[in-house]
Every structure is written in structure tokens, then in C-alpha cells.
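Peer 1: Take a look at the letters that make up each chain.
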Amino acid sequence: MKVFLPAALRIVLLVLLVAFIVYPGWFEPLFKPLTENNAPAIYNQGSLLSLTLQHLGTVAVATIAAIVVAISLAILVTRPFGAEFLPLSRSLVNIGQTFPPVAVLALAVPAVGFGEKPTLIALFLYGLLPIFENALTGLTTLPANVVEAARGAGMTNRQKLLRVELPLSLPVILAGIRLSVVISLATATIGSTVAAKTLGEVIIAGLISNNLAFVVQGGLIVAGLAVFIYDGLMALERVAARRMGQTVS
Amino acid sequence: MAIRFDKLGVVIAAIAAYAAFLAPFATFRANRIVPGEGRLILDALPAVSGPLLLALVVVAIVVALLKTPLAWRLVVSVVLLVALALAIGMAGGFLTPPGNTFARVSPASGFWLLIFAFTLLLADVLTRLELSPFVRLAVLLIAAVAVGMLLASGAWDSLSILKEYANRADTFWAEARKHVTLALGSLLAAVVVGLPLGILCHRVEALRAGVLNVLNIIQTIPSIALFGMLIGPLGWVALHVPGASAIGIRGIGTAPAFVALFLYSLLPVVANTVVGLAGVPKAANEAARGMGMTDWQRLSGVEFPLAFPVILTGIRIVLVQNIGLATIAALIGGGGFGVFVFQGVGQTAMDLVLLGAVPTVALAFAAGIVLDAIIELTATARRKEAVA
Numbered sequence: 001m002k003v004f005l006p007a008a009l010r011i012v013l014l015v016l017l018v019a020f021i022v023y024p025g026w027f028e029p030l031f032k033p034l035t036e037n038n039a040p041a042i043y044n045q046g047s048l049l050s051l052t053l054q055h056l057g058t059v060a061v062a063t064i065a066a067i068v069v070a071i072s073l074a075i076l077v078t079r080p081f082g083a084e085f086l087p088l089s090r091s092l093v094n095i096g097q098t099f100p101p102v103a104v105l106a107l108a109v110p111a112v113g114f115g116e117k118p119t120l121i122a123l124f125l126y127g128l129l130p131i132f133e134n135a136l137t138g139l140t141t142l143p144a145n146v147v148e149a150a151r152g153a154g155m156t157n158r159q160k161l162l163r164v165e166l167p168l169s170l171p172v173i174l175a176g177i178r179l180s181v182v183i184s185l186a187t188a189t190i191g192s193t194v195a196a197k198t199l200g201e202v203i204i205a206g207l208i209s210n211n212l213a214f215v216v217q218g219g220l221i222v223a224g225l226a227v228f229i230y231d232g233l234m235a236l237e238r239v240a241a242r243r244m245g246q247t248v249s
Numbered sequence: 001m002a003i004r005f006d007k008l009g010v011v012i013a014a015i016a017a018y019a020a021f022l023a024p025f026a027t028f029r030a031n032r033i034v035p036g037e038g039r040l041i042l043d044a045l046p047a048v049s050g051p052l053l054l055a056l057v058v059v060a061i062v063v064a065l066l067k068t069p070l071a072w073r074l075v076v077s078v079v080l081l082v083a084l085a086l087a088i089g090m091a092g093g094f095l096t097p098p099g100n101t102f103a104r105v106s107p108a109s110g111f112w113l114l115i116f117a118f119t120l121l122l123a124d125v126l127t128r129l130e131l132s133p134f135v136r137l138a139v140l141l142i143a144a145v146a147v148g149m150l151l152a153s154g155a156w157d158s159l160s161i162l163k164e165y166a167n168r169a170d171t172f173w174a175e176a177r178k179h180v181t182l183a184l185g186s187l188l189a190a191v192v193v194g195l196p197l198g199i200l201c202h203r204v205e206a207l208r209a210g211v212l213n214v215l216n217i218i219q220t221i222p223s224i225a226l227f228g229m230l231i232g233p234l235g236w237v238a239l240h241v242p243g244a245s246a247i248g249i250r251g252i253g254t255a256p257a258f259v260a261l262f263l264y265s266l267l268p269v270v271a272n273t274v275v276g277l278a279g280v281p282k283a284a285n286e287a288a289r290g291m292g293m294t295d296w297q298r299l300s301g302v303e304f305p306l307a308f309p310v311i312l313t314g315i316r317i318v319l320v321q322n323i324g325l326a327t328i329a330a331l332i333g334g335g336g337f338g339v340f341v342f343q344g345v346g347q348t349a350m351d352l353v354l355l356g357a358v359p360t361v362a363l364a365f366a367a368g369i370v371l372d373a374i375i376e377l378t379a380t381a382r383r384k385e386a387v388a
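Residue numbers (the numbering used here), protein chains in the order written: chain A, 1 to 249; chain B, 1 to 388.
These are calculated hints, taken from the structure and not from any lab test.
Any given hint could be a false lead.
Unchecked claim - In silico lysine to aspartate or glutamate, EDC-like type, Cα no more than 20 Å apart, as pairs:
id : chain 1 : residue 1 : chain 2 : residue 2
1  : B       : K7        : A       : E84
2  : B       : K67       : B       : E130
3  : B       : K67       : A       : E84
4  : B       : K282      : B       : E303
5  : B       : K282      : B       : D295
6  : A       : K197      : A       : E116
Unchecked claim - Where chain A lies over chain B, by a calculated footprint (3+ residues, C-beta under 8 Å):
id : segment
7  : 120-131
8  : 333-344
9  : 352-358
Note that CB positions come from ideal geometry on N, CA and C, so glycine has one too.
Using the sequences and the hints, build the whole thing.
Peer 2: Given below as C-alpha cells:
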């Protein structure tokens with residue numbers, strides 16, 4: 001996935017997105033044509049800013065948990081101690097990705113009840129897979145001569161992991177995190193069907209009251225956030241790759 | 001001789017021991033929406049079968065824990081999965097008071113954890129056996145037939161999820177048809193449009209970045225919003241384009257769901273077509289040109305067959321993703337298994353949620369296995385041709 005926008009256009013769009021989230025009232029004339037029967041053009045059942053922050057917060061918590069668990073697991077199964085788990089963990093990742101997010105969300109409700117919790121669980125489990133998969137790819141496809149050189153230089157296993165293996169696989173791991181965040185941003189909206197406070201509330205309010213303006217503004221904010229976060233992480237990846245003397249395609 | 005433990009076995013044994021002895025095996029509820037009370041294996045099953053199941057679990061734990069031959073582990077995991085499937089049906093019949101039609105018995109955490117533990121064991125054995133694609137398809141078929149026979153035999157009829165099914169048997173199959181039609185139909189449309197578009201993007205470099213960027217941005221729009229946004233345009237088409245409403249195009253319902261799934265499906269199809277065609281070795285193309293092949297012959301005879309496995313991978317992504325996303329269609333009246341999921345969430349009736357979620361997961365899972373096998377078969381066929 002590549003999103004190339006000239007830098008200037010990008011800044012203008014970012015300013016517009018932030019302005020819309022903070023002062024949605026300014027944009028009312030733009031959304032008015034989408035409403036019928038004098039329905040409100042801007043979401044009026046809560047503040048877009050706090051919903052956006054809650055949305056981002058939920059995604060952040062789930063993603064951070066997923067990063068920690070996924071990378072620890074990937075490190076574990078690529079050490080001699082955990083090598084027995086490697087083939088199984090590969091097939092589990094394959095199987096896990098066939099689980100639809102809605103199903104995970106709905107199935108988490110009986111276990112933990114309505115609200116943020118099922119959303120966090122679904123986002124965590126769903127975000128785990130791309131990161132784990134990429135961390136595994138990164139750690140298992142390191143150039144053999146570099147790893148040998150590290151051993152030859154007298155590094156302990158721990159030093160080898162922290163100073164050679166992890167930094168070298170960082171760009172690939174970051175790519176997995178990027179994928180995971182973009183999926184989570186969109187999936188979090190579905191969380192509102194089980195009463196989580198996310199931007200999905202705006203969209204669902206629009207679907208229920210047949211108000212296209214709500215649906216469009218909820219969708220645009222989420223898509224905008226996804227594009228910018230994607231862009232930012234992509235830049236981070238390029239920096240990480242350049243430090244390692246690699247290039248990101 | 002020192003006893004050697006299997007590391008995965010330790011994990012499986014811990015889960016299975018907790019699930020069998022401490023966690024509730026089945027939940028009993030006086031009616032479908034009140035909170036339930038858990039029952040352990042010994043309380044949930046009739047006299048002999050409870051201790052028998054526990055004994056089987058203990059044997060399986062020992063086999064999993066020690067370094068045992070793969071064949072033993074295979075037999076043990078299959079036996080346990082079948083025994084659990086039969087036992088949960090028996091628990092349903094045993095716990096439901098005779099003649100009571102309101103009481104609900106559903107599988108509880110202990111049952112699900114035991115299933116998880118022994119599926120893990122089975123998955124590990126199957127992974128280590130490195131089965132060929134045909135054998136994997138056969139295993140899937142056997143599993144599907146076994147579940148079908150259990151359903152047909154009525155062994156599970158006293159379980160809550162099948163009671164929900166019994167109340168909705170006709171709508172269930174209608175929604176199932178809608179779900180499959182949505183997922184497969186949009187995939188078909190995406191292939192018909194996406195393949196030529198991908199070929200065009202491959203040939204005309206100026207188009208490539210633009211088309212892929214637009215498709216990327218579509219992917220970032222959350223599904224419920226995209227479904228909702230299409231209501232307006234399609235409603236307008238239905239009103240103003242003659243004949244459109246006659247073929248079923250409406251603002252709400254199946255049409256916007258179909259179009260949304262189609263739009264989501266385009267990116268993997270187009271992107272994988274471009275990647276697949278770009279990966280065709282230059283030498284193959286040069287040779288084809290040297291033999292005097294026309295552009296069209298080169299595409300259909302050389303480039304396309306070589307790129308086919310990569311394109312199929314894109315189709316696999318789309319199919320699995322569409323089966324999952326089609327559940328969202330229910331929110332805009334598009335039908336599918338999502339109807340049961342969202343009704344169940346609305347009524348806090350979890351059996352109803354399961355009635356929608358279980359077939360969706362099973363369908364996506366089966367689709368993934370079938371397409372993986374096909375991809376492997378085409379890739380190895382290609383390799384054999386290359387060697388010959």
C-alpha cells in the first residue's frame with residue numbers, strides 16, 4: 001500500500017482534518033446538502049474531538065499490547081528453546097487470519113460484556129497477527145554472515161538479539177505494525193455495535209437516522225486518520241531502514 | 001531412561017487440566033437471556049460418561065506431555081475431539097429437564113478450552129506431517145462430513161445454538177444463500193474488472209501509481225461507513241436510471257453491500273496481478289517475442305500462466321476477507337449471517353450470535369484451506385512444467 005501525496009497537499013489536508021475534528025461547525029455548509037428534512041449536518045450527540053481521541057486511545061492500547069506480545073512471542077519461537085513452537089505458530093497465524101473481526105468482537109461479548117473490553121480484545125487479537133508474522137519474517141531471514149560475525153565478535157546471545165537481530169529486522173517489524181494499525185483503525189468502528197465509544201458511533205447514528213452526512217463525516221475522519229498514520233509510520237520505516245543501510249521499496 | 005517432556009505438550013496439558021477439572025463444561029440457563037450457571041464435567045454428564053471423559057482427557061494429557069510418536073498424538077487428538085463433540089450433545093440432553101422448552105444448555109469455557117487444546121495438538125501434528133494439498137483437502141472434507149453427520153443425527157439438538165436454529169431454520173438458509181452470494185458474487189465481479197485493470201496497470205506505467213493509490217484509500221474507509229455512503233448514490237441510481245430498480249438495485253439492502261465488497265476486493269486482485277506480471281522473468285518474455293508470438297498470445301500463453309499463483313493469492317485474500325465483511329451487510333439490510341450476529345448482540349442472546357458467527361468462521365476457514373491447497377497445486381504444477 002503506497003500513498004504518495006506531495007508534501008504541501010499533505011499539510012493542507014492534515015490541517016483540514018484537525019480543523020474538522022476540533023471545529024466541525026465551520027464545515028456545516030459542506031455537509032448540509034447530504035441531509036434531508038432539515039436533519040442536523042454535523043454530529044450532535046457528542047463531541048467529535050473526544051470520540052476521535054477515544055478511538056485513537058482504544059487503537060493505541062490494543063496495538064501496544066499486540067506489539068509487546070507479538071514481538072516477545074516471535075523472539076521466543078526463534079530461539080533454540082522455543083524452536084519446537086515455530087511450525088505450529090506459523091500455521092496458527094494462518095488460521096487466525098481467517099477469523100472475521102466481527103465474529104471475534106461478537107464472541108468476546110459473552111466473556112467480558114459490552115463496551116470497550118470486547119473491542120480491545122478483538123483489536124488486540126487481530127492486530128497481533130500481522131506484527132507476529134512480520135517479526136517472524138524479520139528474525140528468520142537475517143543474513144547469516146552478519147549473525148555469524150556477531151557471534152565471532154564475542155557477543156552474548158542477549159547482545160546479539162538486542163544489538164544485531166532486532167535492529168536489523170526493525171523495518172520489517174514496523175511494516176507489520178503499520179498494517180496492524182490501519183486494520184485496527186477501521187475495525188474499531190465496528191466496536192460501536194457493541195457500545196464501545198469510537199467514531200463508529202457517528203457512522204451508526206447516521207445509518208439509524210438515515211443521515212448520510214453523519215456516515216460520511218465518521219468515515220472521512222477514520223480514513224483520514226488511517227492515511228496520515230500510515231504515512232507517518234512509512235516515514236519512520238524509511239528512517240529505520242536507512243540506518244540499517246537497507247532500502248524500503 | 002530420563003523422561004522427556006514435549007514443550008507444546010506442557011502448554012496443552014496445562015490448558016486441558018484447568019479446563020477439565022476447574023472450568024465449567026456446560027452452562028445451564030432457565031431461559032435464553034438470563035445469566036447461566038456453570039456445570040463441571042461430572043455434573044454435566046450422565047453417570048458413566050462423565051468419569052469416562054475425564055479418564056480420556058487424562059490419557060490425552062499424558063500423551064501430549066511426553067515425547068510420543070506423531071501417530072499416537074494424531075489418534076489421541078481426533079478421539080478427544082470426537083468425544084467432546086458427543087459429550088456436549090449428551091450434556092444438553094442430560095441437563096435439560098424433560099418437557100422444558102425454555103431451558104437452554106450451551107457449551108461453557110471448559111468445553112471451548114478443551115476443544116482449543118486438542119485442536120492445537122491436532123494442528124501441530126498436521127503441520128509436522130507436512131501433508132500434501134490433496135490430503136489436506138481430504139481432511140477438510142472428512143471433518144465437514146463428520147460435523148454434517150453429527151448435525152443430521154440430532155446429537156446436538158438439545159444445545160442452545162441448535163434451538164435458535166430450529167426457530168429460524170428457513171431464514172437461516174436464506175441468509176446463508178445471501179451471505180455466500182454476496183461474498184462470491186463480489187469476488188467474481190472484482191476478478192472480471194480487476195484482472196484487465198491489473199494487466200492495464202502493468203502495461204501502462206502512468207496508470208499504475210494512480211489506480212493503486214485510489215484503491216488503497218478505499219481500503220482505509222471503515223466498512224460500515226463505505227456501506228452507508230453507497231446508500232445515497234445507489235438510491236439515486238434506482239430512482240433515475242430506467243430499469244435499474246427492476247434488476248434489484250436499491251439504496252438499502254444487497255446492492256450497496258455488493259458494491260462495497262466489490263470495491264474492497266479490487267485492491268488485492270489488481271495489486272497481485274501487477275506484482276505477478278512484474279515477476280515474470282524477462283527471459284520468458286524475450287523468448288516468447290522471439291518465437292513471433294503476438295501480444296495477446298504472449299499474455300495468455302506465457303505471462304498469465306506464470307503470474308497465476310500470485311493472482312490466486314490475491315483471490316484467497318479477497319475471498320476470506322469478503323466472507324468476514326459480508327456480516328457487516330446486515331447493518332444496512334443486506335442480509336447474510338450478520339443478521340443473527342447483530343440481532344443476538346441487540347437482544348444479548350449469545351446463542352443467536354453464535355448461530356451467525358460459527359458458520360461465518362467455518363466458511364472463511366474452509367475457503368482459506370481450499371484456496372491454499374489450490375495455490376500450492378498450481379505452483380507445483382508450474383514448477384514441474386519448468387523442469388520438464
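Peer 1: Sort out which numbered hints this structure fails and list those numbers smallest first.
Peer 2: When the structure is compared with the hints, none of them turns out to be violated.
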